[in-house]
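Student: In case you want the letters, here they are:
Number of protein chains: 6
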Amino acid sequence: MTDFIRPGQRAADALRPVRITRGFTIHAEGSVLIEFGDTKVLCTASVEEKVPPHKRGSGEGWVTAEYGMLPRATHTRSDREAAKGKQSGRTQEIQRLIGRSLRAVFDLKALGERTISLDCDVLQADGGTRTASITGAFVAAHDAVSQLLAEGKIAASPIRDHVAAISVGILQGQPLLDLEYVEDSACDTDMNVVMTGAGHFVEVQGTAEGVAFSRQEMDALLALAEKGVAELVALQKQSLGLV
Amino acid sequence: MTDFIRPGQRAADALRPVRITRGFTIHAEGSVLIEFGDTKVLCTASVEEKVPPHKRGSGEGWVTAEYGMLPRATHTRSDREAAKGKQSGRTQEIQRLIGRSLRAVFDLKALGERTISLDCDVLQADGGTRTASITGAFVAAHDAVSQLLAEGKIAASPIRDHVAAISVGILQGQPLLDLEYVEDSACDTDMNVVMTGAGHFVEVQGTAEGVAFSRQEMDALLALAEKGVAELVALQKQSLGLV
Amino acid sequence: MTDFIRPGQRAADALRPVRITRGFTIHAEGSVLIEFGDTKVLCTASVEEKVPPHKRGSGEGWVTAEYGMLPRATHTRSDREAAKGKQSGRTQEIQRLIGRSLRAVFDLKALGERTISLDCDVLQADGGTRTASITGAFVAAHDAVSQLLAEGKIAASPIRDHVAAISVGILQGQPLLDLEYVEDSACDTDMNVVMTGAGHFVEVQGTAEGVAFSRQEMDALLALAEKGVAELVALQKQSLGLV
Amino acid sequence: MTDFIRPGQRAADALRPVRITRGFTIHAEGSVLIEFGDTKVLCTASVEEKVPPHKRGSGEGWVTAEYGMLPRATHTRSDREAAKGKQSGRTQEIQRLIGRSLRAVFDLKALGERTISLDCDVLQADGGTRTASITGAFVAAHDAVSQLLAEGKIAASPIRDHVAAISVGILQGQPLLDLEYVEDSACDTDMNVVMTGAGHFVEVQGTAEGVAFSRQEMDALLALAEKGVAELVALQKQSLGLV
Amino acid sequence: MTDFIRPGQRAADALRPVRITRGFTIHAEGSVLIEFGDTKVLCTASVEEKVPPHKRGSGEGWVTAEYGMLPRATHTRSDREAAKGKQSGRTQEIQRLIGRSLRAVFDLKALGERTISLDCDVLQADGGTRTASITGAFVAAHDAVSQLLAEGKIAASPIRDHVAAISVGILQGQPLLDLEYVEDSACDTDMNVVMTGAGHFVEVQGTAEGVAFSRQEMDALLALAEKGVAELVALQKQSLGLV
Amino acid sequence: MTDFIRPGQRAADALRPVRITRGFTIHAEGSVLIEFGDTKVLCTASVEEKVPPHKRGSGEGWVTAEYGMLPRATHTRSDREAAKGKQSGRTQEIQRLIGRSLRAVFDLKALGERTISLDCDVLQADGGTRTASITGAFVAAHDAVSQLLAEGKIAASPIRDHVAAISVGILQGQPLLDLEYVEDSACDTDMNVVMTGAGHFVEVQGTAEGVAFSRQEMDALLALAEKGVAELVALQKQSLGLV
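Chains as they are written, first to last, in full-length UniProt numbering: chain U, 1 to 243; chain H, 1 to 243; chain A, 1 to 243; chain G, 1 to 243; chain F, 1 to 243; chain L, 1 to 243.
Don't take each hint at face value.
Said to hold, decoys possible - Where chain L lies over chain F, by a calculated footprint (3+ residues, C-beta under 8 Å):
1. 32-46
2. 93-101
3. 114-124
As the list claims (entries may be wrong) - Distance condition first, Cα-Cα at most 27 Å in a straight line; then the derived DSS-like pairs of lysine-lysine:
4. U:K55 with A:K86
5. G:K109 with H:K86
6. L:K50 with A:K86
7. A:K84 with G:K84
8. G:K84 with H:K86
9. H:K84 with A:K84
10. G:K55 with U:K50
11. H:K50 with A:K84
12. L:K153 with F:K84
13. H:K86 with F:K84
14. A:K55 with U:K50
15. F:K86 with G:K84
16. G:K237 with H:K86
17. G:K86 with F:K50
18. H:K50 with U:K86
19. L:K84 with H:K84
20. A:K86 with G:K86
21. U:K153 with U:K227
22. F:K50 with U:K50
23. F:K86 with G:K86
24. G:K227 with H:K84
25. A:K86 with F:K50
26. G:K84 with L:K237
What the hints assert, rightly or not - Examples of chain U residues toward chain A, derived with CB under 8 Å:
27. G89
28. R100
29. Q147
30. L148
31. K153
32. T196
33. F201
34. A208
35. L222
Derived from the structure by calculation, the hints contain no laboratory data. Values in this document were obtained by computation on a predicted structure and should not be read as measured data. Beta carbons are placed, not taken as given, at the ideal position from N, Cα and C, and that holds for glycine.
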């Protein structure tokens, strides 16, 4: 056990305040600013009437994602990836994760031969940027799909379920939900969990930063994540006016 | 003469509504969201206690800028430069322009051996992103300098004057101030003018897109720009509480 | 339930034949060919008496990994990453995973300011190249450490425990251990599990390729993985003459 | 006022000796060595019977430019851009400027679906390489067009007017025409002006290196530039036997 | 003359033990491990039913090669070219040499519009990696061709003759055949000779590392190479069951 | 035998007219325009008072070379390598060859810890650009060394002998000296030979483009090359006023 106190005296199993602002910018088919506490990510969904080579002629669409961080989203300035001439391994890992997560709830056949590109750009970072990105990208994608439906380009929604993500970790023996930056840097184990609205797992990525974790700890973390994702899905529905 | 009517019936010599929001994000020493109508640029100023090689040991500091556009800041999605692995010629031109413009009002000796990096990231584009960037970057740099003064790291401000920028152009024979996207695409001549608070020129970049322009037209454009920059400088002062 | 029959009538909870050949090449401090059935990976451990910048002067060492696949390790030829001029996102993800996994069992303080680089090059691929890489890299690293001990460069081994990895997945409802290529391509869920000799988790990376998986399925997969890693650790010990 | 004396006692409003040598190399459709004093640029015009993607099927042609400097064109050796693997921001700015300047006098419709590529390579630099490039590229392009006419590939010349360029600047308060290197390095303001044979402006790019410049100074610079370009256009005509 | 004694008391005109293992890996159409003493190169031949742009529609095929070295094939670890983002000049030189050498004995017309890609990856290096690559790549290409013949895709073999390669050099005045690493580093002159089964030259690449070499020395080296290649061709035939 | 007639009825064993112009540009320590018929290469030698890392603190200097071709040096325009972002394998091969050739006649100890960089830029190509580069680079290097001697920076010349290069080839059975472009494209065998003033070999690079060549043909080619290089060395001496 521990007497670790979370910033703002947040409970171990509580999310930070989550805010979802739709229509944050005007050009994209879906544009969502999502905030998990001080983490702010702009998620846009762009629809393009073309697919990558491996889908051409298949009758199926594609959903993909890119991720970026503004140089001063963080405490100290990071190099701009465009200026360095390449995306870091971390960036690529995250954008591949976002893309897989969204595709997990999309019926690509029902989408038709078009692509939805999700751009997740971190304006301000305080831990959990990848989980906020997935959660916000779902809402942006949903708005883009609504527009396709409204325009009569598709007859039925290709979205089969919600998808959202949260981080969980163990700090000084205490399982915590939705790690912010100071917690993330200090914790022994860190896990990102992506789940559907139905409560099934899409991705589980757990890493022992320091001490390896036991099966029992893993079970505790998964339970926390289930609670957190359920709350996020409720917030998505509320934001989209689905409840 | 012409009967071209500007969007929103704006007068030919009127700026779009300008909004300057300081402290838009929390980590940077200066963080400003500047809006010229629907153009929105986040300008952050980061102070680093080091200088590039050509200034090491000189006792002088450096002021530099980087510019980027989120992929869906525009009507149709543009490729992410970090993913493409290089910045376009246009991006480099713009960030070099921002850097030179800011250095024009900085006393690098008085700054001491440290660097102020200005990151101008376009969240939403509707023409005039480079002029908004320069105008906003000045305010962010001013905030960063205020912090250096407050911390006692420098004794006097290295900022010698304001700097701001505006675009002007000729559309169907009519000189216009502060072009928005539909005007910019259609106009024959397009000029970006960077000026100091004292009303002197720092940069003048005029381009005939279609028909070359006469000396008389040039004079009309410069006069419009002088008016526009004076208004922007007044807005900078107001935002900074200097009036 | 299912009547899916594994290639070679392998049991659902059986590893493929594993072969560990130490001293496969002559120059490296550790050089191991590891085979999981038809998957063959050459893992070398190189000791260098220097550390990356973030460890300089810390008194601590570093353990890192790189991963590659020969162009014709696979059924059809893949482009050579050196010729394309960059490593794919997949390659970077895998080598970051291998590095983290090995560091999880290393006492970097006890290693001293030197680096062990683990190069995992796939000569022949048939599924499970990342898990074979981790399992083989551990043996190569152990050989490199033995040499450091023999040369008196370090007084005690910085290796705190074994580390090994295995893939598990669900195919037609059936949880399977150690997926080979045809299984991996077909399965709904795919999880890579990295564990210590003590049976604790270092990394868990599960992905639903098609249908999201339930908590119950997750539990079944973790149990299978625990069995598989325990067998791999026994094989590592046998290969190293530790039993 | 000032008693600054120009190298070679050149008058403040005098060009350096300009020499235009057509047919400098044998393969290109146009090949011109242009010299502004010690600045020597080889400008070749290459005709290719294809257009870039954005012009395909448009019935219009394209005119584009690339710029380079031999590593030892300058006082001290500069890195070769091909070896560094990228063109500097400065190089891209200059080649974009040359391309726009030439397109300003071309009727792309009359050119037909073909491309004229202007390669401007600086063999020896002493200030004014971009203005010499534009002035020489026009002559090379004219020769390439003459060949197209002679071959009957086009019926009428797509060239609507001459285009030429000159630099002007203010040094110790004195406006100067056609800056050479030592003047360029020392001057407070530096402006490159591109104009047509009809005396209209195509590009104006002025930069205050040190002190911002007044409207009055700007007027003086523009007048000097008008004089210089008129002389260059006369020299182009003489070189092309058009007078 | 000299009293230099070769490692293992090898005669000056003797090859190292050569071993050719066909079918070393399972996926490639040809897969050969070739060993020249401690130098071990895996050569795979991949058949693809497409040709590069310059051969499309020509009715002719193409034969090409790529070369790589595992990071720890050498005494000290070399950087991985995929991680550095480019192939060294040395790598490119070698793979171009291998490609030209193989094409010299191929009738590209008889191959039909398909490509044979030869990947030569050095698992362990001890001098002579490029000559081993050429010699082994021939055997791999021969196996790939045999498969094309067996499948009835081609009616007659496009291979007109054997090709093999060996290095020769002068060390302390003594001409030596098949240099191993310690000899290669020390010798004054180093020559790689590629010849056909008929005893004609395909490539001769001689370099004076220290002292330039005389015509007489060149003649001695060519004679040695002729002897060595003849022996290698005999070993190729034996390995392929052609004798 | 053959009745092939060379352009301009040149004899089979004759060089094209060779012209060496010293002091072609003004900034470099050595600057030579060398012409082999219509092939024109600008060779500059730049002295820098620093050495690459592998020579630091060794008391030895370094001699290196870079090679480039202007885009329209050739019959049809080639892509600019700086714009493509990398040097081709051919370019790298040639510049490595030039560097090795020059180092073969340099006493790096006597040069002292400084670097001579030879930039060979082809202004116009008609075959033999690499041999012209080597031959011209020697003269440029000699001029740079003369300046170092004149300035008293070195006491004795580090140049031990001349170095020059020529191409030879077999066309329709006829050995030819100094191939121009149409011959080079058509010939079966092509060899570049680099030799010292003393008549010794520095580099021999022979390639059978079509039919492999016999030992007898090789002997004929080497004899032709010896004649050609001897003439080039005489021309170098004459140009340098050494005779």
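Student: Each hint should be assessed against the structure and marked as holding or not.
Tutor: Here is how each hint holds up against the structure:
Counting residues of the region 32-46 of chain F whose beta carbon lies closer than 8 Å to any beta carbon of chain L gives 0, which falls short of the minimum of three for the stated coverage. Note: the region 93-101 of chain F has 4 residues with beta-carbon separation from chain L under 8 Å; the three-residue rule is met and the coverage holds. Proximity of the region 114-124 of chain F to chain L, defined as three or more residues with a beta carbon under 8 Å from a beta carbon of that chain, is not established by the 0 residues found. Between K55 (chain U) and K86 (chain A) the CA atoms are separated by roughly 24 Å; this keeps the pair inside 27 Å, and the hint holds.
Between the alpha carbons of K109 (chain G) and K86 (chain H) the distance comes to roughly 32 Å, so the proposed pair goes past 27 Å and is violated. Under the criterion of a C-alpha separation no larger than 27 Å, the hint pairing K50 (chain L) with K86 (chain A) is inconsistent with the structure, at around 32 Å. Proximity of K84 (chain A) to K84 (chain G) is assessed by CA-CA distance (about 17 Å); at most 27 Å being required, the pair is judged to hold. For the proposed pair K84 (chain G) and K86 (chain H), the alpha carbon gap of about 14 Å is at most 27 Å, so the pair holds.
The straight-line distance between the Cα atoms of K84 (chain H) and K84 (chain A) is roughly 14 Å, inside the 27 Å bound, and the hint therefore holds. Only pairs whose Cα atoms come within 27 Å are accepted, and K55 (chain G) paired with K50 (chain U) is accepted, the gap being roughly 21 Å. Distance check on the hinted pair: K50 (chain H) and K84 (chain A) sit about 36 Å apart at the alpha-carbon level, beyond 27 Å; violated. At most 27 Å may separate the alpha-carbon atoms for a hinted pair to count; K153 (chain L) and K84 (chain F) exceed this at roughly 38 Å.
Between K86 (chain H) and K84 (chain F) the CA atoms are separated by roughly 17 Å; this keeps the pair inside 27 Å, and the hint holds. Note on K55 (chain A) and K50 (chain U): the hinted pairing is violated, with a Cα-Cα distance of about 47 Å set against a maximum of 27 Å. For the given pair, K86 (chain F) sits about 12 Å from K84 (chain G) by alpha-carbon distance, which is consistent with the 27 Å threshold. Between K237 (chain G) and K86 (chain H), the direct Cα distance comes to roughly 41 Å. Violation of the 27 Å bound is thereby established for this hinted pair.
As the CA atoms of K86 (chain G) and K50 (chain F) are separated by approximately 32 Å, the hinted pair breaks the 27 Å bound. Simply put, K50 (chain H) and K86 (chain U) have alpha-carbon atoms about 24 Å apart, close enough for the 27 Å limit, and the pair holds. Proposed proximity of K84 (chain L) and K84 (chain H) is supported: the alpha carbons are some 14 Å apart, at most 27 Å. The hinted pair formed by K86 (chain A) and K86 (chain G) meets the criterion: a straight-line CA distance of about 16 Å does not exceed 27 Å.
Note on K153 (chain U) and K227 (chain U): the hinted pairing is violated, with a Cα-Cα distance of about 36 Å set against a maximum of 27 Å. Pair hint K50 (chain F) plus K50 (chain U) holds up; C-alpha atoms about 26 Å apart against a cutoff of 27 Å. For a cut-off of 27 Å, the pair hint linking K86 (chain F) to K86 (chain G) stands: about 14 Å separates their Cα positions. At roughly 44 Å between alpha-carbon atoms, K227 (chain G) and K84 (chain H) are farther apart than 27 Å, so this suggested pair is violated.
Annotation: proposed proximity of K86 (chain A) to K50 (chain F) holds, straight-line Cα distance about 24 Å (limit 27 Å). Between K84 (chain G) and K237 (chain L) the CA atoms are separated by roughly 35 Å; this puts the pair beyond 27 Å, and the hint is violated. Because the beta carbon of G89 (chain U) sits about 4 Å from the nearest beta carbon in chain A, less than 8 Å, this interface hint is met. Annotation: interface hint on R100 (chain U) holds; nearest CB of chain A at approximately 6 Å, less than 8 Å.
The beta carbon of Q147 (chain U) is not positioned within 8 Å of any beta carbon in chain A (closest approach about 26 Å), and the interface hint is therefore violated. For the restraint placing L148 (chain U) at the interface with chain A, the shortest Cβ-Cβ distance is roughly 24 Å, beyond the 8 Å limit, so the hint is violated. The interface hint given for K153 (chain U) is broken, as the beta carbon of that residue sits about 26 Å from the closest beta carbon of chain A, more than 8 Å. The interface hint given for T196 (chain U) holds, since its Cβ lies 5 Å from the closest Cβ of chain A, which is under the 8 Å cut-off.
This hint holds: F201 (chain U) has a C-beta 5 Å from the nearest C-beta of chain A, less than the 8 Å allowed. Below 8 Å, beta-carbon pairs count as interface contacts, and A208 (chain U) has one with chain A at about 5 Å; its hint therefore holds. For the restraint placing L222 (chain U) at the interface with chain A, the shortest Cβ-Cβ distance is roughly 7 Å, inside the 8 Å limit, so the hint holds.
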